[in-house]
Amino acid sequence: MVEHSLHLKDLRISLGDELLFHLDAEIKAGEVLSVMGPSGSGKSTLLNAISGFLSPRFTCEGQILLDGQDVTHQDPSLRKIGLMFQDPLLFPHMSVEDNLLFALPRGGSKHERCEKVREKLRAVNLEELGPRDPLTLSGGQQSRIALMRLLLSNPRALLLDEPFSSLDVELRARVRQFVFAQARENRLPVLMVTHDQADAEAAGGPIINLLNHK
Amino acid sequence: MHMTNRALNILFWAAPFLVILLLTAPLLAGLLGVAAPALGYFPTLGGLELTWDHLHKAMHVPGFWHSVHLSIWIGLATTLISFVIVVGFFAAFWDAPIFGKITRFISPLMSVPHAAAAFGFAFLFAPSGWLIRILSPWATGFDRPPDWLIINDPLGYALLAGLVLKEVPFLFLMCLTAASQINVDQRLKLARTLGYGRIWAWLTVVMPALYRQIRLPIFAVIAFSSSVVDVALILGPNLPPSLPVQILRWMNDPDIEMRFVAAAGAVFQLAATLVALLIWRLLEMLCSYLMRQMQTKGMRHQNDQILRGLFSGTMLTLVLISMASLIILGIWSLAGYWRFPEALPRSMNFSRWMENAPYFWGPTFNAIQIGIVATLISVGQTLICLENECRHNIRLTQKALRLIYLPLIVPQIAFISGISILLVRYGLDGSFWPVALMHVVFVFPYTYLALEASFHDLDPRYMQTAAALGKSQNRIFFQIKLPMLLRPILTALALGFAISVAQYLPTLLIGAGRVPTITTEAVALASGGDRRLIGIYALVQTLLPAVGFALALALPKLLYPNKIYFAKQREA
Chain A
1 MVEHSLHLKD LRISLGDELL FHLDAEIKAG EVLSVMGPSG SGKSTLLNAI
51 SGFLSPRFTC EGQILLDGQD VTHQDPSLRK IGLMFQDPLL FPHMSVEDNL
101 LFALPRGGSK HERCEKVREK LRAVNLEELG PRDPLTLSGG QQSRIALMRL
151 LLSNPRALLL DEPFSSLDVE LRARVRQFVF AQARENRLPV LMVTHDQADA
201 EAAGGPIINL LNHK
Chain B
1 MHMTNRALNI LFWAAPFLVI LLLTAPLLAG LLGVAAPALG YFPTLGGLEL
51 TWDHLHKAMH VPGFWHSVHL SIWIGLATTL ISFVIVVGFF AAFWDAPIFG
101 KITRFISPLM SVPHAAAAFG FAFLFAPSGW LIRILSPWAT GFDRPPDWLI
151 INDPLGYALL AGLVLKEVPF LFLMCLTAAS QINVDQRLKL ARTLGYGRIW
201 AWLTVVMPAL YRQIRLPIFA VIAFSSSVVD VALILGPNLP PSLPVQILRW
251 MNDPDIEMRF VAAAGAVFQL AATLVALLIW RLLEMLCSYL MRQMQTKGMR
301 HQNDQILRGL FSGTMLTLVL ISMASLIILG IWSLAGYWRF PEALPRSMNF
351 SRWMENAPYF WGPTFNAIQI GIVATLISVG QTLICLENEC RHNIRLTQKA
401 LRLIYLPLIV PQIAFISGIS ILLVRYGLDG SFWPVALMHV VFVFPYTYLA
451 LEASFHDLDP RYMQTAAALG KSQNRIFFQI KLPMLLRPIL TALALGFAIS
501 VAQYLPTLLI GAGRVPTITT EAVALASGGD RRLIGIYALV QTLLPAVGFA
551 LALALPKLLY PNKIYFAKQR EA
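Chains as they are written, first to last, in full-length UniProt numbering: chain A, 1 to 214; chain B, 1 to 572.
Keep in mind that the hints were calculated from the coordinates and are not lab data. One or more of the hints may lead you astray.
[To be verified] In the DSS-like style, the derived pairs of lysine-lysine whose C-alpha atoms are separated by at most 27 angstroms in a straight line are:
hint : chain 1 : residue 1 : chain 2 : residue 2
1    : B       : 189       : B       : 101
2    : A       : 120       : A       : 110
3    : A       : 80        : A       : 110
4    : A       : 110       : B       : 481
5    : A       : 9         : A       : 214
6    : B       : 481       : A       : 80
The task is simple: from the sequences and hints, build the whole structure.
Laid out in structure tokens, this is it:
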């Protein structure tokens with residue numbers, strides 16, 4: 001298993017003349033860095049910068065190093081950084097299985113590809129969901145499939161954008177455990193943006209507040 | 001793979017330039033093709049000197065100024081009446097149950113071609129029409145059709161009514177789209193809790209924002225109704241006719257010299273439409289001044305029951321007339337022997353349909369072919385443009401939208417006649433492709449406006465998710481965006497097809513009569529007066545867009561069975 005790492009080196013993002021934050025952090029494989037802060041403090045801007053969707057209105061200085069490689073200005077589709085939002089966003093015109101096949105990198109026969117997807121589903125006891133319409137799944141199931149979709153694309157890091165806030169309390173803890181366990185198992189560095197203290201504590205990693213990084 | 005990606009990227013990059021070319025080049029060429037002969041310069045016909053003669057000649061044709069007045073008056077009156085009816089109904093019934101019911105009728109009515117609606121209207125209200133038949137002889141005492149000039153009346157009231165019947169659904173749908181983009185419910189709640197009556201609340205807090213959004217469609221209605229040809233040929237005055245019909249007559253005059261006069265007439269048409277637009281602008285200023293005066297006085301106008309009744313009555317009547325027009329077209333197309341005061345024909349059968357099928361099949365097929373080609377080009381172009389906007393993070397401003405509306409705001413007859421003159425000059429008239437491409441100019445604005453909102457409203461996180469999974473922008477476009485937008489795309493296709501099928505003037509002039517479609521053939525029947533035949537042609541003309549919309553509704557279900565996503569969209 002490859003050990004991935006995400007290093008935000010002297011990262012400064014500003015809007016016009018105003019500096020939003022100045023961050024220096026290294027996330028090791030299997031580690032979760034929780035980023036907190038009130039709305040407007042630049043949490044989503046940070047995620048956009050790392051994933052490659054930063055609006056040109058912002059200026060970004062410093063470096064984003066993924067496995068030691070500078071990806072600061074790379075095209076988002078080449079970065080191999082997995083994104084998970086508050087909503088699972090399974091593509092509604094595809095079945096669950098098609099969603100997963102869509103994420104799987106090119107290569108292999110149709111049969112091999114399907115087998116890979118099924119194997120992945122079996123590993124987390126969700127194999128019966130393959131042919132289903134994603135919109136018929138429960139919220140928890142959708143979140144788990146969304147994570148599986150992400151992992152199938154062989155990412156080098158995970159970004160979580162308030163990933164559990166659409167789930168109710170009970171489900172929340174279970175899905176949270178699931179996501180963190182998968183990240184550890186796949187040796188992925190994780191950056192999670194949240195405004196829920198419980199999420200941050202459950203992650204078990206360092207917690208930073210963007211307000212302290214002006 | 002790399003090559004196709006490269007080619008696609010170039011296509012996306014070039015799209016805006018192509019669109020600007022598409023929207024402005026025919027206009028400029030057409031206006032040039034009108035202005036030059038109007039001023040006497042047209043070497044093919046021996047015009048080599050610049051002269052005012054042709055403009056003078058047009059002005060001195062008997063009844064010319066009456067024709068000009070007619071155009072301006074019809075343009076303004078149609079727009080004003082339709083506008084008041086639509087806005088009044090929105091204000092009075094926005095959150096009432098009747099609103100939803102009427103909405104369900106309005107969309108299908110919008111897709112009825114103008115010519116078909118006009119024929120239906122004539123069959124209903126002519127002295128020998130259905131209405132008088134139903135009322136005779138028991139109520140009216142007539143056993144022969146009265147000698148009244150209801151249709152083709154010299155002041156154009158029949159034309160006005162026929163146009164209002166078609167422009168109300170158009171403005172209704174435009175208002176509906178605009179209303180979905182501003183926060184109507186919240187605004188209304190606020191004003192209503194302050195004690196304002198329904199209608200007055202709407203006019204003071206919703207209208208100003210809404211009007212900004214529907215201004216260009218209104219301009220399009222003014223331009224269209226001041227320069228309409230097909231409806232005017234069916235319902236409009238004859239001696240003298242409205243200006244655009246007069247121009248068409250000059251163009252078809254056997255005396256080749258009259259081509260110059262026709263071009264001069266087109267210049268006057270341009271001016272007439274401009275005058276109508278300017279008068280509307282003055283009205284706008286007056287109304288906004290009055291509104292500003294009144295809204296600060298604190299009047300609540302809670303007693304609007306009578307007004308509300310009036311608006312619901314008008315809207316219901318309109319819908320009823322439209323439905324009845326379609327029904328009477330159907331009855332006439334099947335009618336056997338039908339003596340005057342009898343309410344229904346003695347027998348109904350398909351014999352006329354069978355007899356005429358070989359004749360209307362050709363023009364129908366032409367209309368389908370042109371419609372499909374023009375619509376596919378328009379929607380393709382629209383999608384490429386919108387994707388390009390997306391990639392560069394642009395959203396068109398109100399100003400840029402004006403460019404999109406340009407072909408709808410410049411009177412068709414004023415620039416198409418110019419293009420046709422140029423095409424004749426280079427021997428390109430009367431063939432399929434020029435006609436189809438001309439249709440694109442009029443279809444594209446509608447497909448663009450129909451798709452713009454849904455394209456931009458698609459949750460960008462879906463695309464970010466796909467990009468994070470390592471997919472290229474082109475792949476995301478084809479595998480995520482297009483399928484997720486399937487329903488709006490199909491609706492835009494159906495709308496574009498409906499617009500194309502209904503085109504009369506571009507088909508007639510660019511096709512030089514050699515590319516007959518069901519629409520040009522139907523309008524050509526107007527002077528003949530064979531109601532059974534007209535009924536058949538008008539009905540075929542109505543059915544084509546209807547089939548298009550039915551397919552647009554059914555296809556997502558067939559392509560993606562059991563997908564909740566598409567079923568949900570249908571309810572919305």
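Cross-check of the supplied hints:
A threshold of 27 angstroms between alpha carbons decides the hint, and for residue 189 of chain B with residue 101 of chain B the separation of about 22 angstroms falls inside it, so the pair holds. Between residue 120 of chain A and residue 110 of chain A the CA atoms are separated by roughly 16 angstroms; this keeps the pair inside 27 angstroms, and the hint holds. Of the supplied pair hints, the one linking residue 80 of chain A and residue 110 of chain A holds, its CA atoms being roughly 23 angstroms apart against a limit of 27 angstroms. Pair hint residue 110 of chain A plus residue 481 of chain B holds up; C-alpha atoms about 24 angstroms apart against a cutoff of 27 angstroms.
Only pairs whose Cα atoms come within 27 angstroms are accepted, and residue 9 of chain A paired with residue 214 of chain A is accepted, the gap being roughly 15 angstroms. Under the criterion of a C-alpha separation no larger than 27 angstroms, the hint pairing residue 481 of chain B with residue 80 of chain A is consistent with the structure, at around 21 angstroms.
Of the hints listed earlier, there is not a single one the structure fails to meet.
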